[in-house]
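Trainee: Spelled out, the chains give:
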Amino acid sequence: MLKHLFKLIWNRKRQNLLMLLEIVISFVVMFVVLVTVIFLISNYLKPLGFNYRNVWAVNIDWQNAEKADIAETLKQLEDTVESFPEAVAYSYSESYLFTPAAMSGIDLKYNNRKISSNLLSGDDHFAEVLDIPVIEGRWFNREDNTSLKKPLIINRNLEKELFRGESGLGKTVVSGDDEYTIVGIVRDIRNSGELTRSKKIAVKRINLDAPVDDNAFITENFGKRLLIKTRPGTDARFEERLLKQLSAVAKDFRLKTIRLEDARISANKQSMIMPVILLIISGFLIINVSLGFFGVIWYNTNKRRAEIGLRRALGSSAKGIYSQILSEALVLATFGIIIGAILAIQIPLMNVLSFIETNVYVLAFILSILFIYGISSICALYPGKIAANIEPAVALHEE
Amino acid sequence: MFKNYLKIAWKILLRHKLFTFISLFGISFTLLILIVITSFIDHTVGRQAPENRQNRILTATYFRLTTESGGNTVGPVVSYYFLDRYVRSLKTPEAVTISSFHKNVITYKDKKKFNFALKYTDGEFWNIYDFKFLEGKGFSSADVEQATPVAVITADVRKKYFENQSAVGEYIQLGENSYRVIGVVDNVSLLRILPYSDVWVPITLSKANLMEPKIVTNEFPGYFAAVLARSRSDIPAIKAEFRKHLSQVEFTDGHFNAIWGGVERYSETISRVFMGSMKEPNLPGLMLVLFLLMLLFMILPTINLVNINISRIMERSSEIGVRKAFGASSKTLVGQFIVENIIITLLGGIIAVFLALIILSIINNSGIIPHLHLVMNWRVFYKSMLIAVFFGFLSGVYPAYKMSRLHPAEVLRGGE
Amino acid sequence: MIKLSNVEKVYRTDKIETLALKDINLEVKKGDFLSVMGPSGCGKSTLLNIMGLLDSPTRGKIEIENRPVNNLPDKKMAYLRNHKIGFVFQSFHLINDLSVVDNVEIPLLYRRIPGSERRRKALAALAKVGLSTRTKHFPSQLSGGQRQRVAIARAIVGQPEIILADEPTGNLDSNMGQEIIDILMDLNKKDQTTIVMVTHDERIAEQTNHIVRLFDGSQVN
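Chains as they are written, first to last, in the working numbering: chain A, -16 to 382; chain B, 566 to 981; chain C, 280 to 500.
By construction, these hints were calculated from the structure, which means they are not laboratory data. Ideal placement from N, C-alpha and C gives every residue a C-beta, glycine not left out. Among the clues, some could well be false.
[What the hints assert, rightly or not] BS3-like mimics (lysine-lysine), calculated; alpha carbons at most 27 Å apart, straight line:
no.	chain 1	residue 1	chain 2	residue 2
1	A	Lys239	B	Lys676
2	B	Lys576	A	Lys286
3	C	Lys407	A	Lys(-14)
4	B	Lys889	A	Lys286
5	A	Lys234	B	Lys772
6	B	Lys889	A	Lys252
7	B	Lys582	A	Lys286
8	A	Lys50	B	Lys772
9	B	Lys724	A	Lys239
10	A	Lys227	B	Lys725
11	A	Lys182	A	Lys29
12	B	Lys674	A	Lys234
13	B	Lys582	A	Lys368
14	C	Lys469	A	Lys302
15	A	Lys(-10)	C	Lys354
16	B	Lys582	A	Lys239
17	B	Lys668	A	Lys252
18	C	Lys354	A	Lys286
[Stated by the list, open to error] To be clear about the criterion: a stretch of chain A counts as covered by chain C if any three or more of its residues have a C-beta under 8 Å from a C-beta of chain C, and this derived list gives those stretches:
no.	stretch
19	102 to 114
20	162 to 168
Here chain A stands alone, though its shape is the one from the complex:
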């Protein structure tokens, strides 16, 4: 029977061509949408790697301040924060936190391998403020003041790529003229938010005691932050007092405060804008195509009343007709899925989106297939029912 239906659809390929084309494109659209959605969900399910709760960030803009005074003023700010009973811990950092659009990077070389990584930076308390677990080695501390090479902390992703399965701890990597020693490994720090992918991360040390010229903190242009972890229950009144007192200390700085919890929400919103637009547009396309399918299947069924009557006369039951209409839709869907799959598979094969894991593609692939089969059968249900109700005696005698 299946072979018969294949033959029937194959021989009607000219009439079915447009439907087939629609299924093919729908499959590809669905695949892209599902890859996006599954990718976002799988990102969301992975651990963030740090704790943003009760943390405030003070963004510092010192463009108008005298360079020589900056480090001194920063230390004064630390003292001011210390005087707040709500502040549990604090840390200077250059890291972008919850700003998906902004990133800074570093090229690291090891054994003639050059890997580009994202770059964060923080001082000795950074891990404490953000609860970042160090899984091997240690976080930055005073020992690093005396070491000849600069200390660097990397995440597992970067370790895997840079050292190809070897342990990276204690090894020396080169970036430009600087040599770094890996002092610690962290699992992950997904600083752009839960919805973004897990990336390669390297963390540089910020040390306010270092000579001004030598301090990366000063030479880089923007993105300086004082992160303050507070006791649970601290509210916006703290923020206002904090900003006032800090501004009084650092008159030449422009300061801005933001609660990381708020920054996270807006970061997630930002990460969701494109997927939501994609979802709306493709949702509309799919509804549109489904309605079209439904109309065309219905019309084709009506056109084939005589054929259906004949099949009843030759021994098909009403249920047999019903399942024939359904099966035809599924066979057509199968043709479409096969061609669509060949096209869709090019996306992972081109490997331009290498950060998307194979599992995501596989799952999206399976779900797209199920989805197309689902839509096709839903669209064929009603026409199938109508076809099953056709009176063979009537259908065979109308011209």
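Position chains B and C against the provided structure of chain A, taking the given hints into account.
Mentor: Using the frame of chain A, we list chains B and C on its own:
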């Protein structure tokens, strides 16, 4: 004849309610999405307050600088000094303004936290951009020269900070500084990125060292200039003059040795960013890409509509056969079908316009983009109708061709 | 073989009731070749539909091989149509998108028969009607007579005991029509297939064993 066409078309549409519904759904939603996108593009680059003189305004915003060793810096990176020296000195334009890009400042009043966008600018800014003043006026070049601490605010700031009371003469505290409000203007959409801000103050109040002789500022984002041409015909001359200035740039930052950029329409700037690797504007290229994206989006709805149209025609094949047998030419029949198709597309277009009005107001009120005010103006409307006709054409050609090929004899015998 | 007792058929629409068949009593014996004759609209086709279980009578009893089949469920009816009855129609009712042999195979699709066996039987049926050379053609490439021969092949491929033919020669010229009748006669004689044929061609009806005449839904003889 035409009236007869209309009558028949209308009857046919009513006779096949399912097909009509499916067609209308597909057409109206496809057009809806295209209208929203058109409105968005129009909102970004079209003529609209405060850029009412948009076709005479040219701006210098994004630049690309390269070093000998191949390094480069790209974006809104140039300094006030650079713009002052190479743009303000242009002879052809009527006026030139140099402003900073907006930066966010936080301020508190009565235990409430406000986050406002602040822009430093000069007196010419208010002459080039056409703000609608609800109260007071903009600051003058004299105010800027004397660094008077005055500010122009938006209606939104007045609402939040001054609780909607008259604000002119009142003071607004931003950071360490206090400014006397001298004007209140209508809100500006963030998509109008150059004039956009919540608060505007004289650029001389900026603590930055504006005249430090470097092309690239260490602020981010840096500064931009906007020039007003006396007439549209002056535009090529202004562009040429700036090109000449650009070729004579004195590289004071040491390592940079080449610069790309221009005073140009904002749409040209966008095309330079996306299509011209920041070097030269490529507006036709950008338009082509947009057009192709539009086609890509329209593929599925078009195939769908073609499919439905063919079914619609085939269902009437016996009617067509009879008409042909009684002497109707293929031409009249195709004409009938085209009228039908145009009617349904325009009908879909009208539904889409109404839906778009709803969707646009939802997007405007959602607050995704501050002060977004997408509207359905005549420009958007006629472009939408143009798209609708194009869509109708695209989906009608193949079915019409198929229809004209139907052989009356075969049709009447009931064959395919 | 088929026995109709007091069969009556009424068509009801919203307002009108049409009496299509009135008090029909008829027995078709095994190996019979019966013609049903009468003017247009006299109920010939309705009678054939009822015999072929495509339609059910409003009143009366219908038996096939002495088993009442009036109120069988749809599945059983389908089974009987498939195994006991073969249909031939005036307008052939071939599926244009299937080749000749695929068309002939259709009745076997509703039985559990392997594909190769189906093919073998279909080719045998086509050989019987003299179309062995046209098996891969499509219906549109055949003449009317050839199409009807395909339809006959399709009717006999499942080796039914009864063939119901509804004006099988109606769309054919007399030469072709005679060819078709010859094939049916042959089937009737050689294979003892029972045939009921609706026709209004007196010359053709004369060649069959019995003639039943209908007028306005009633038997006249």
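Trainee: For every hint, state whether the structure bears it out.
Mentor: Against the structure, the hints come out as follows:
1. A:Lys239 with B:Lys676: 16 Å, holds
2. B:Lys576 with A:Lys286: 21 Å, holds
3. C:Lys407 with A:Lys(-14): Given pair Lys407 of chain C, Lys(-14) of chain A holds - Cα atoms ~25 Å apart, limit 27 Å.
4. B:Lys889 with A:Lys286: 21 Å, holds
5. A:Lys234 with B:Lys772: Holds, because 11 Å separates the two Cα atoms, which is no more than 27 Å.
6. B:Lys889 with A:Lys252: Cα-Cα ~60 Å, so violated.
7. B:Lys582 with A:Lys286: 17 Å, holds
8. A:Lys50 with B:Lys772: Distance of about 14 Å is within 27 Å: holds.
9. B:Lys724 with A:Lys239: It holds: about 22 Å lies between the C-alpha atoms, which stays within 27 Å.
10. A:Lys227 with B:Lys725: 21 Å, holds
11. A:Lys182 with A:Lys29: 12 Å, holds
12. B:Lys674 with A:Lys234: Judged against 27 Å, a Cα distance of about 20 Å means the pair holds.
13. B:Lys582 with A:Lys368: 20 Å, holds
14. C:Lys469 with A:Lys302: Status violated; Cα separation ~36 Å.
15. A:Lys(-10) with C:Lys354: 26 Å, holds
16. B:Lys582 with A:Lys239: 60 Å, violated
17. B:Lys668 with A:Lys252: 21 Å, holds
18. C:Lys354 with A:Lys286: 25 Å, holds
19. 102 to 114: violated (count 0)
20. 162 to 168: violated (count 0)
When each numbered hint is compared with the structure, violations occur for hints 6, 14, 16, 19, 20.
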